[in-house]
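Numbered by our numbering, the letters in the sequence shown go through residues 1 to 83 in order.
Among the clues, some could well be false.
[Unchecked claim] Here are the computed distance ranges between Cβ atoms for each label pair: (1) 1 x 57: 16 to 22 Å; (2) 67 x 33: 32 to 38 Å; (3) 21 x 42: 18 to 24 Å; (4) 59 x 27: 18 to 24 Å; (5) 14 x 75: 35 to 41 Å; (6) 27 x 62: 29 to 35 Å.
[Unchecked claim] Computed list of lysine-lysine pairs in DSSO-like fashion (alpha-carbon distance at most 30 Å, straight line): (7) 33 x 17; (8) 77 x 26; (9) 26 x 75; (10) 33 x 75; (11) 33 x 77; (12) 77 x 17.
For the record, the hints were derived by calculation from the structure and aren't laboratory data. Being a predicted model, the structure only gives us computed values, none of them experimental. Beta carbons are placed, not taken as given, at the ideal position from N, Cα and C, and that holds for glycine.
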Amino acid sequence: MTMVWVVYDITDNTTRKNVARICLDKGLYRVQKSVFLGTLNANERDSLALECEDEIDPDVDSVYVFPMDDESFRKVKLLGQAF
């Protein structure tokens, strides 16, 4: 299992809600309105990316899926409120 950040910029409200639902269904936690965090194995990460790809319009939307190892995650600095 790997820590995964999902960050997106989606113009359409329905598409944005669908991508958020995909993230939640995969067990990710909402960190900010368009940012999710959680642990996924490689198959789950690939599945999430494919499902998001099916939802978005690649001409106007973007979804980033950032895997992060535990050592790097421990170095993350939080400024302000935690989720």
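#### Entry: Hints that the structure is at odds with (numbers, increasing)
1, 2, 4, 6
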